[in-house]
Amino acid sequence: GNSVTQMEGPVTLSEEAFLTINCTYTATGYPSLFWYVQYPGEGLQLLLKATKADDKGSNKGFEATYRKETTSFHLEKGSVQVSDSAVYFCALRSFTGGGNKLTFGTGTQLKVEL
Amino acid sequence: EAGVVQSPRYKIIEKKQPVAFWCNPISGHNTLYWYRQNLGQGPELLIRYENEEAVDDSQLPKDRFSAERLKGVDSTLKIQPAELGDSAVYLCASRESSGSLNEQFFGPGTRLTVL
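Chains A and B supply the protein sequences, listed in that same order.
Take the first sequence: its letters are residues 1 to 114, numbered as in our numbering.
Take the second sequence: its letters are residues 115 to 229, numbered as in our numbering.
Think of the hints as simulated: they come from the structure by calculation, not from any bench.
Just so you know, not all the hints are guaranteed correct.
Across the chosen pairs, the derived CB separations fall in these ranges [unchecked claim]: (1) B/D177 to A/E69: 19 to 27 angstroms; (2) B/E167 to A/E69: 33 to 41 angstroms; (3) A/G9 to B/I126: 23 to 31 angstroms; (4) B/E166 to A/T51: 24 to 32 angstroms.
Since the model is a prediction, treat every value here as computed from it, not as a measurement.
Cβ coordinates follow ideal geometry from the N, Cα and C atoms, glycine included.
Full structure from sequences and hints, please.
Here is the structure:
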């Protein structure tokens, strides 16, 4: 079946540091890949997505590239801010078996300090 | 435009009691999802509706969980009776059905604590 593995947190960084959160996946077919962000007390928000190999998703300074050869979709940001503190979820969407079904990783908590 | 609305935001009950969660999706979104998110985990799909039809309920524990979406808009998820292991955040999401690549929008969730 489909699965997503992401690095465990919490990840603690100083403001303006470089961020990488690793994500690898297992899926049949050609899934779409997503990063969602969950701020405290709020629902999940789509951060970025990529729908095919070599696509780069980007939003709010975050980037991730769909690497089919390594089955990875690592999240990066060049300079984090305190406001980026949240939990980040990697997810994939596969249409095998029908429906728009998302499979999530366990989430990685990011803490950014001054 | 209002997002996905869920209520209540928090619920504390004793085990063996019933509990119900309500979701109002974004207007015009025909597809509705219920997810359960255990502490420190990612959300897991419980059930998916296309209009009023439950098209994927394979992960719904049917002995104690039930859901309905009678008019194809609002939805209710019920647990009866609740168990300690049901403590989690229950998320509702909705999506326009017209395009297969359309994004799911999530509500803030209902945090359930079973004592």
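Checked hints:
About 44 angstroms separates the C-beta atoms of B/D177 and A/E69, a value inconsistent with the hinted range of 19 to 27 angstroms. Taking 33 to 41 angstroms as the suggested C-beta distance range, the pair B/E167 and A/E69 conforms, at roughly 39 angstroms. Under the hint 23 to 31 angstroms, the C-beta atoms of A/G9 and B/I126, about 27 angstroms apart, fit the expected range. Distance hint check for B/E166 and A/T51: the Cβ-Cβ separation is about 30 angstroms, which falls inside the suggested range of 24 to 32 angstroms.
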